[in-house]
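Q: All chains should be built: construct the whole structure from the sequences, respecting the hints.
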Amino acid sequence: MQEATHTKEHDAHSDEHHDHGPQSFWRTWVFSTDHKVIGLQYAVTAMLSLMGGFLMMILMRWQLAYPGDPIPLVGNILENVTGGAEGGMMIDGVMQPQFYNALGAMHGTIMVFLGVVPLGFAAFGNYVMPLQVGAPDMAFPRLNMASFWSFLPGALIMFLSFLVPGGAAKSGWTSYSPLAAVADPPQSPTQEWFISPSLGPIDLSFLGLPADGALFMASIFNGQSLWLVAMIFLISSSLLGSVNVIVTIVQLRAKGMGWMRMPYFTWAIFVTSFLLLLAFPPLEAAGIMQLMDRVAHTSFFMPAGLYVGGEVLNSYSGGGSPLLWQHLFWFLGHPEVYVILLPAFGIVAEVIACNTRKPLWGYKSLVYGTIALGLLSFVVWAHHMYMTGMGAKVSAFFQTTTTIISIPSVIILTALLISLWGGAIRFNTPMLFATAFLPMFGIGGLTGIPLAFSSIGSYLHDSYYVIGHFHYVVAPGVMFGLFAGVYHWYPKVTGRKMNELLGKLHFWPTLICMNLIFAPMFIQGMAGMHRRWYDGGETYELSAPVLHWNVVMTIAAFVMLVAQLPFIWNFFTAWRYGQKVGTNPWQATTLDWQTPFPAPHGNFDKPVTVYRGPYEYSVPGADKDYTPQNEPEVQPAPAKVSSKDK
Amino acid sequence: MQIPYEVEERPDTGVYNAKLGIWLFLASEIMLFGGLFSAYIFLRLGAPEGSWPDHILWDLPGLINTAILILSSVTVVLSYIYVKLGDFNKFRICMIITLVSAVAFMGIKSFEYNGKFKHFGAFMKDTSKPQGYGEQITGHVIGDLSDYDDKDYILVAADSRQPIDWLSARELKKQSPAHQQQAAELAALGEDAHDAHPGPVFNHPGIIATGDKYKPKSWEHKIKVALGKEKHKEHDVFKVMKDQIFRQSMFTPGYNAYFAIYFTMTGLHALHVIGGALVLGYFCFFDHKRFFTNRKHFANRIEVGGLFWHFVDLVWIFLFPILYLL
Amino acid sequence: MLNDLLQMTENASEHGTQIDFFLEASHWFMLVLFVGWSAFFFYTLYRCWERKHPKADYDGVKSHASSHIELYVIIVEAVLLLGFAFPIWAKQVNEIPPEGDNLLKVHAIAYQFGWLFHYPGEDGVLGRKNPIFMKGGSPQSEVGLDMSDPFAQDDIVSMQVMRAPVNTPIIVDVTSRDVIHNYAVAHMRVSQDAIPGMRVPIWFTPIRTGEFEIICAQLCGAGHYSMKGILNIQTQDEYDKWVASQAPKKPADPAPSAEPAVEPDEPEVTPENEEAAAVAISSVTNQ
Ligand code: HEA
Ligand code: HEA
Ligand code: CUA
Ligand SMILES: [Cu+2]
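Protein chains in written order, with my numbering: chain A, 1 to 646; chain B, 1001 to 1326; chain C, 2001 to 2287.
Derived from the structure by calculation, the hints contain no laboratory data.
Treat the hints with care, since some could be wrong.
Said to hold, decoys possible - List of simulated lysine-lysine pairs, BS3-like, C-alpha gap at most 25 angstroms:
#1 624(A) / 2135(C)
#2 2091(C) / 624(A)
#3 2052(C) / 504(A)
#4 2135(C) / 1242(B)
#5 1116(B) / 1224(B)
#6 1151(B) / 1224(B)
#7 1213(B) / 1116(B)
#8 2062(C) / 624(A)
#9 1019(B) / 255(A)
#10 2062(C) / 364(A)
#11 1151(B) / 1019(B)
#12 1125(B) / 2135(C)
#13 1116(B) / 1019(B)
#14 393(A) / 2091(C)
Stated by the list, open to error - Label-pair distances were calculated between CB atoms; the ranges are:
#15 1148(B) / 2125(C): 40 to 48 angstroms
#16 544(A) / 2045(C): 51 to 59 angstroms
#17 1275(B) / 2125(C): 53 to 61 angstroms
#18 1250(B) / 2074(C): 32 to 40 angstroms
#19 2035(C) / 1002(B): 50 to 58 angstroms
#20 2150(C) / 1209(B): 42 to 50 angstroms
#21 2055(C) / 375(A): 36 to 44 angstroms
#22 1148(B) / 2244(C): 37 to 45 angstroms
#23 1070(B) / 2079(C): 53 to 61 angstroms
#24 160(A) / 1250(B): 28 to 36 angstroms
#25 2079(C) / 1026(B): 38 to 46 angstroms
#26 552(A) / 1314(B): 57 to 65 angstroms
#27 2207(C) / 1243(B): 23 to 31 angstroms
#28 2244(C) / 1243(B): 41 to 49 angstroms
Bear in mind the structure is a predicted one, so any value in this text is a computation, not a measurement.
Note that the Cβ used here is the ideal one computed from N, Cα and C, for glycine as well.
A: This is the structure we're talking about:
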């Protein structure tokens, strides 16, 4: 539709575009190639995962505050699901250490890889970005579908791994080897093999596997191996996704959409894609190697002479290095945190620009800051590894880069903050979340600074201070950004607004609870409490003075769970009963709000041309306080308005 | 709905979508193999001195495979050129040569893998070594490993190579008179020492010479003998006492760090070869109608597939020296 | 001050003073930034609220104050980095006191889930260790001490409790025999991963006597939360007495008799220690 030359070729590959005309339910909603539908698919999966990750944390928080007490209501159910007392996960309704570790590892993994990234990057990226650049769809619609359909199995494998014998992965979301390599050793090479103790043994002999075949199966069907398999699916999915996003942004920008006219959200997604594209493959390599360690008994991450559980592990050759895993993991891990962050930055910027009714302050510094953040994020990874016996020179390098990377963050945050000045701020729900993002992210980011210095970082390493640091960034920070996005683009998807009152009922308690949960973590961390402690620190005397905070945090977490009910209620009811609004309810300037409603497959009904930058709000002399990007230039100053593109 | 620039280049970027896509994809592939290459470096530098088995692979098959892949890279370029020139038959011939090369590559690869899986090695117990690992004996098991299930020893026809030890070969020679003598003989024989010397000498009490000889049945051995690369038609047979073995295994990925990285890297590379061949085969045999209906698009596809194929080739160009030669 | 507000543990080591000061300084820096930004933030929210300021201003802030502030941030960070971070860390990792001086050198071996401390004994030389001798049972075989080594005869292996004299530099060689753990003593301001196959030295000089908790600060399995060791800092006299009490009965007895199976002549075992040790040992058997 961009150029006439295409039409003559059109029939040539009509075989590829059988997505015209009336379509079956399957093609519209399940195996759709429409970026908007895929975005929604991601959004739904991601939000369910977020809820799952949150519920896991609720269980853990109960255990942290009341160690050894049976979990009310669900304790017995969980016990049955996880295989009763023999399952060893729950006994008499009391969570066992193994289960705590499994929940912890899965909370981290699910929140990061199945929750926040799919919602921020995949869902919003898919839904909004092509609209913002004025593209009819993603550059490779079928690849886009493939990306989702490799994400979903990964997600399912991850969740279902709770059901295999021994439960889900329990070596932390970081999956450090050798712990992860020796965790869940395959039991015995029998033909009988369990899906879940509660479902009873499943006889595999019908597969006719020889004994080592069964052993092989058992070495795959356990928590840690499934974690790795799921990760390989997820990584493949995000690789496909990021290629698609970059090509879409580079190739399918509408006429006139120069680089510096792209909305900041698109920029954020663009940089994020590069991080995914280049940082994830090393983790994929590492995942393959760890899987080899578990399945083929190689020793990539295993030194010689390990003595585990009373015997020398001489089935492993040794010769590997535990640090190699850490390097490969954090080479992804650090860029990954910016993958988490950048889409949220983008959303917040959009919402702020729209609701202050003025252009973003320092758009260019935002863009350059983001690019700098992206580049630098590849050279800071070892700040997670100061405690591994790092020499002075290497650590000096990583301390310096880590300190430098905080500068672009400061610049971006400052620009967003200053953007508020002079605005006519509308405090609707998305804006509330977006403004709250700023100081919350600020706290999280600032507490990253002491961690960046190895000498004091060594005091804080692995303590609750670290947990506090990154939760301030990801929970009241990024999660708020994502909530803002949901409220902001909801009318785009449904044509209806979410209820404002319920939105505020969601916002205020969530804000308060978030702080009640995560602020005490700094105190606990400074007092020497460490993370991943199943009993919440009761073993140690040094935690005694700050142990009472556990109860406060847990209660706050429970209250916060309740505070999500207005959101969920709002989310589902507004679909049918929300206030009906037009195509551009927020009176925004970016292209995503300039399509017809509902946006058809192909998005725009006529070719789009972009005439100006993304945030032309309150232009002096204009007749209305926003000038959409695709509104043709009106020659003299205030002229008649008729060009509003619907 | 039509996605712009699926076939034509976008004027300001100068590429069509798939071309940019494949370049990005290759960038991520570079990072993937880069992760593995850095693992190789990490493992190799971290290996205790002398324990990295260099030159353990027979380089001829690797060399042939290198030649095959380079040839196929050339033919894939030619096939692209013939699409551009509009010569369908020549295109097809070139593409078929490429595909045959891929099959040949995989054939040789599986021959090599198979040889490894039939090779046996054992590390003997040694309390004086920091990790408990002592001398290593490698070779072919006489008969089948399961034949020894009820015996307390295994009969192994040892390779006529120097025993590889956790300590460096140099250090090893210092240790026993037998080794010193062996070292002296080796020195006298010069370059091809380990092929020419009378056979391995073991120092460990758990490895007992039987005086028997055994003629390995593997093709690898036969070819090597025929080419004069292997001077020993027969190998000495040793009795290896099971209770003295620290760990034993075939030359599988788990055998040592070297085979771990060897199998992982070449295996992943082989998957890429298979994937690339499937895609090119699809273009050649199932998508060829497009050659006549939309030649530009077809050429694009061959170009993109060819780029991927070059990448696969390039990876091998790196793999071959680091795994076979260094 | 901020450290106390945040309930930081009391420092008990020589280099800890510097670290505390550094931590204090960075928290002040963070606080100043945060308060400054927040003041602007809330003032703006109030000033530019739609109801107060219905007509947005296209240009917004015109001054370049923010660039100056950013510059100051950079300068302060550079000072923190060059003035504190580099020197302190360099001192920690490079200036390990030379052996032979009046110092104590101990091997700390972590395992699922507890700590083993290997002391050189009277001869001052640590005996050879090899995993092949690891069997469990006696502390000596827990660390895989090679009893055929003459230097190993007088070595002391202590489980869960590490004793050290006050005011003496202590070098702890941290390693692990199974998975990664972390030897962290909050009061001593030290933390070091215990990585199998690696042995990394850390050092500190305790300035107070007392019992401090050794934290395992790296997830290591089900018993991670309870993998607590005790660092018992004693006066030199007390410590010497303990070393003497541990000396083997017959100095030249080469037999690797599994004699001190459960540390029989452990002088003062406080109830908590005992419990910690018991927990740790039982978790090993659970594993
Ligand atoms: C989105 C996620 C995210 C982000 C953005 C960051 C940002 C930063 N992180 Fe964080 N980090 C994590 C997620 C994140 N981190 C996670 C998940 C872990 C733990 C992983 C694990 O072990 O499980 C971690 C751990 C971690 C460590 C390792 C700790 C340890 O294990 O010992 C370190 C050390 O250097 C560190 C440093 C930093 C730094 C310097 C930044 C900087 O980029 C921050 C820069 C930002 C600022 C400096 C803020 C500027 C603020 C202002 C200007 C004030 C504004 C005020 C108002 C608006 C009121 N982080
Ligand atoms: C993006 C990442 C992310 C997010 C958002 C969160 C969110 C939360 N986290 Fe988590 N956390 C991690 C990443 C994250 N966490 C990681 C990586 C670890 C380390 C794991 C490890 O040790 O290996 C960790 C560890 C961790 C710990 C430490 C455990 C330990 O060390 O023993 C704790 C303790 O309190 C905790 C608590 C919480 C809480 C209370 C929230 C809350 O903020 C949760 C709030 C959740 C929501 C607000 C979800 C709302 C969603 C909906 C309402 C969807 C509605 C659905 C529909 C409408 C369909 N987390
Ligand atoms: Cu040991 Cu945690
Ligand atoms: Cu980081």
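Q: Check the structure against each numbered hint from earlier and tell me which ones fail, lowest number first.
A: 1, 2, 6, 11, 13, 16, 18, 20, 22, 27
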